[in-house]
Amino acid sequence: MDAKVSLARLADVAVGRGLPFLKRVASKVQRAADQVSERLLGADFEDRIQSLSRRYELQGGDPFGFDPDAVRQAALPSAFFHRAYFRTEVFDIDRVPTGRVMLVANHSGQIPIDAAILGCALFFDANPPRMTRAMVDKWTATLPFVSTFFSRMGQVVGLPENARRLLEREEALLVFPEGMRGISKPFRDRYQLQEFGSGFMRLAIATGTPIVPVGVVGAEEQYVSFGSLSWAARTFGVPVFPLVPQLVVPGGALPLPTKYRIFFGEPMSFAGDPDDAPRVSDKVYLVKQAIQHILRRGLAQRQGVFR
Amino acid sequence: MSGTSDPSGEGAVLVTGICGRLGRRVARVLHRKRRVIGVDRRPFPDRPADVEHHQVDLRSTRVRELFRGGVTALVHLGVMHDPRRDSGENLVWNVTAAKALLECAEHFGLKKVVLLSSANVYGPRPDNPQLLDEEAPLLGAGSFGAIRDLVELDMSFQAFFWKQPAIETVILRPTHILGTVRNAPSNYLRLPMAPTLLGFDPMIQAIHQEDVVAALERSLQPGARGIYNLAGPPPVALSRALELLGRPTVPVPHGIAKMGVERLFRWRVTSFPAPELDFIRFVCMIDDSRARRDLGYAPRHGLVATLSAVDDERWLG
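Protein chains in written order, with our numbering: chain A, 1 to 307; chain B, 1001 to 1317.
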């Protein structure tokens, strides 16, 4: 009997005091979470999404499968890395023209975080917001979930036909002419541009696309690689097998929280014959020099890798 | 035979495979303008009175006789693709029939030859450009043997196009045709519950059957010649298409789906051959700007109308 009464009292207290208390806590947590997400995403996040949606609706949708609504879902984790983790600083992003453009950048960091952060910069910091369209490897199209994710996020299978079509649709194409040589470069080669491919230049000439050289400072230190084991790469059938000691440290799978600085250079325009190989490689060299110059200046400017 | 009325003076058009669902629609549109002669082994039950129909095999010598009656145009729809039949037999039948028809077209000096091919000749592949143009290689048979026939026919009509410059040859390659037709994409969208492949959601295109008929009609106009892709309304993700149709979906991992469909096909539970799964896995989309520019083609049906066309006359057969 007594037990029943005390249980009932307990229930009364729980309903009368405990529940409102819990509700208050929950709503506070909710508010705090909202504040954090608003600080990360920025107050104009909805407007940015709307602006992107309108752009693609006017074109009758994107045939490559880009979906502005999917950006909404990926935005919070991306914004966390962009604003909080890497504390990206963006310089001269207003140099990116609003029409068709090729962003040519240095590539580094073992996994393409630089591409994602560059995408963030053009979405969160550019006016109007742009979606960068990068090229992904063909075999990702055979992977479940990955293929769908890339497609919804505006990434396309790396084929010259696709690149040309994107530029003809006035998109911002992200190109890493160093390719695999750049992303897998060892720590000792940081900020030294590797050999450039020339496909991007031929396409830029053929489609009359301005090239914006971009220097990404900070990504080259995010994973310290001592080099690639060529025999291991051959054994496992992967393009590179980098030796990254931090991966064996617990929590080392995350990149080092280096500070990202992204410098946009003056747009460069090229004309001439896209099939004139020697002239094309001269032009490629000009772009490479421009990026190397931006990087040198950016490196001289910074006080430390993490500051 | 020559006594039949010919209001336009353009001569008759011979339509093969006229008794299919698409063929009957073509006949109904064309017979208002010019004489239509149909050839099909099947009967043509609700045939318009002024459409002649001959129930013969395309390979028979009687077909040659039909060309004598003032035929000036050939529309070849009678491509057989029965996945249940022996594939070698199918190929021999299709190629022999096409060869006989093209020989007649040359011998009787036709003005126009039209083949209804399909965008399936390009094939769904992970390394496809997002939109294929008419110059893309025909790789459809690489993973799906049954497409071989269509690729073969497409090629022989292409050869005819070059060999016979006096005859206007048109090859139409429409994307997935939707409507009352009984092809794989329409059948798929008619399933009460659509299986999808877990983690795959390719962009797809579809074209309304009536838009195909309209494009066929345009391709019969004097001056039209060449290869034309035909796409319908702007592409959408497969999941969005199924959502618009209100179909519940069951995502199945690709390996299991492939094994399952292979078994079910062998046991005759399903009419979908397993390689068809690639169409809901990879992209096979086309750029039809050439048809829009040269033929003046434009789809009249929007996305929702095109998709829901599979439910028209659903219970009427």
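Worth flagging that the hints you see were computed from the coordinates, not collected in a lab. Each residue gets a CB set at the ideal place from its N, CA and C atoms; glycine is no exception. Don't take each hint at face value.
Listed below are several chain A residues computed to face chain B (Cβ distance under 7 Å; list not exhaustive) [as the list claims (entries may be wrong)]:
#1 A11
#2 A14
#3 P63
#4 F64
#5 G65
#6 D137
#7 K138
#8 A141
#9 T142
#10 P144
#11 F145
#12 T148
Below are the SDA-like pairs computed for lysine to any residue, each with C-alpha atoms no more than 25 Å apart in a straight line [said to hold, decoys possible]:
#13 A:K138 - B:V1269
#14 A:K138 - B:P1137
#15 A:K288 - A:V224
#16 A:K138 - B:A1274
#17 A:K138 - B:H1254
#18 A:K138 - B:A1141
#19 A:K138 - B:V1063
#20 A:K138 - B:R1021
#21 A:K138 - B:G1142
#22 A:K288 - A:P210
#23 A:K138 - B:K1258
#24 A:K259 - A:G42
#25 A:K138 - B:G1255
#26 A:K138 - B:I1256
#27 A:K28 - A:V13
#28 B:K1258 - A:T148
#29 A:K138 - B:R1125
#30 A:K138 - B:G1296
#31 B:K1258 - B:L1066
#32 A:K138 - B:D1127
#33 A:K138 - B:P1251
#34 A:K138 - B:A1136
#35 A:K138 - B:M1080
#36 A:K138 - A:R95
#37 A:K138 - B:R1240
#38 B:K1258 - A:V146
#39 B:K1258 - A:P210
#40 A:K28 - A:G42
Outcome of the hint check:
1. The criterion of a C-beta within 7 Å of any C-beta in chain B is not met by A:A11, whose closest approach is roughly 43 Å, and the hint is violated.
2. Evaluation of the A:A14 hint against chain B yields a violated restraint, the C-beta minimum of about 42 Å exceeding 7 Å.
3. Because the closest C-beta pair between A:P63 and chain B is about 5 Å apart, less than 7 Å, the hint holds.
4. Interface hint at A:F64: satisfied, since its Cβ lies 5 Å from the closest Cβ of chain B, which is below the 7 Å cut-off.
5. This hint holds: A:G65 has a C-beta 5 Å from the nearest C-beta of chain B, less than the 7 Å allowed.
6. Because the smallest distance between the Cβ of A:D137 and any Cβ of chain B comes to about 10 Å, over 7 Å, the interface hint for this residue is violated.
7. With a least beta-carbon distance of about 5 Å to chain B, the hint placing A:K138 at the interface is held under the 7 Å criterion.
8. With 7 Å as the threshold, the beta carbon of A:A141 comes within range of chain B, its nearest partner Cβ sitting at about 4 Å, so the hint holds.
9. Among the interface hints, the one on A:T142 holds; its C-beta lies about 5 Å from the nearest C-beta in chain B, closer than the 7 Å criterion.
10. The criterion of a C-beta within 7 Å of any C-beta in chain B is met by A:P144, whose closest approach is roughly 3 Å, and the hint holds.
11. For A:F145, the interface hint holds, the least distance from its beta-carbon to any beta-carbon of chain B being 4 Å, beneath 7 Å.
12. The closest approach between the C-beta of A:T148 and any C-beta of chain B is roughly 5 Å, which is under the 7 Å cut-off, so the hint is satisfied.
13. Under the criterion of a C-alpha separation no larger than 25 Å, the hint pairing A:K138 with B:V1269 is inconsistent with the structure, at around 35 Å.
14. Restraint check for A:K138 and B:P1137: the C-alpha separation of about 18 Å stays at or below 25 Å, so the hint holds.
15. Between the alpha carbons of A:K288 and A:V224 the distance comes to roughly 24 Å, so the proposed pair stays at or under 25 Å and holds.
16. Between A:K138 and B:A1274 the alpha-carbon distance is near 23 Å, which keeps this suggested pair within the 25 Å criterion.
17. For the suggested pair A:K138 and B:H1254, the alpha carbons sit about 18 Å apart, so the restraint of at most 25 Å is met.
18. As the CA atoms of A:K138 and B:A1141 are separated by approximately 20 Å, the hinted pair is consistent with the 25 Å bound.
19. Proximity of A:K138 to B:V1063 is assessed by CA-CA distance (about 48 Å); at most 25 Å being required, the pair is judged violated.
20. At roughly 39 Å between alpha-carbon atoms, A:K138 and B:R1021 are farther apart than 25 Å, so this suggested pair is violated.
21. For the hint pairing A:K138 with B:G1142, the CA-to-CA distance comes to about 17 Å; that is within 25 Å, so the pair holds.
22. Restraint check for A:K288 and A:P210: satisfied, since their Cα atoms lie roughly 15 Å apart, inside the 25 Å limit.
23. Simply put, A:K138 and B:K1258 have alpha-carbon atoms about 22 Å apart, close enough for the 25 Å limit, and the pair holds.
24. Taking the CA atoms of A:K259 and A:G42, the gap is near 20 Å; set against the 25 Å cutoff, the hint holds.
25. Taken as a hint, the A:K138 and B:G1255 pair is honoured in the structure, with Cα atoms around 20 Å apart against an allowance of 25 Å.
26. Between the alpha carbons of A:K138 and B:I1256 the distance comes to roughly 23 Å, so the proposed pair stays at or under 25 Å and holds.
27. For the hint linking A:K28 to A:V13, the alpha-carbon distance of about 22 Å falls within 25 Å, and the restraint holds.
28. Only pairs whose Cα atoms come within 25 Å are accepted, and B:K1258 paired with A:T148 is accepted, the gap being roughly 19 Å.
29. A hinted pair counts as satisfied when its Cα atoms are at most 25 Å apart, and A:K138 with B:R1125 qualifies at roughly 10 Å.
30. Between A:K138 and B:G1296, the direct Cα distance comes to roughly 35 Å. Violation of the 25 Å bound is thereby established for this hinted pair.
31. For the suggested pair B:K1258 and B:L1066, the alpha carbons sit about 45 Å apart, so the restraint of at most 25 Å is broken.
32. A C-alpha spacing of about 6 Å is found between A:K138 and B:D1127, which places the hinted pair at or below 25 Å, so the restraint holds.
33. Simply put, A:K138 and B:P1251 have alpha-carbon atoms about 23 Å apart, close enough for the 25 Å limit, and the pair holds.
34. Between A:K138 and B:A1136 the alpha-carbon distance is near 17 Å, which keeps this suggested pair within the 25 Å criterion.
35. At most 25 Å may separate the alpha-carbon atoms for a hinted pair to count; A:K138 and B:M1080 exceed this at roughly 34 Å.
36. A distance of roughly 31 Å separates the Cα atoms of A:K138 and A:R95; the hinted pair therefore is violated under the 25 Å criterion.
37. Straight-line distance between C-alpha atoms of A:K138 and B:R1240 comes to about 24 Å, which keeps the hinted pair within the 25 Å bound.
38. The hinted pair formed by B:K1258 and A:V146 meets the criterion: a straight-line CA distance of about 20 Å does not exceed 25 Å.
39. As the CA atoms of B:K1258 and A:P210 are separated by approximately 46 Å, the hinted pair breaks the 25 Å bound.
40. Proposed proximity of A:K28 and A:G42 is supported: the alpha carbons are some 20 Å apart, at most 25 Å.
Checked against the numbered hints given earlier, this structure breaks hints 1, 2, 6, 13, 19, 20, 30, 31, 35, 36 and 39; the rest are met.
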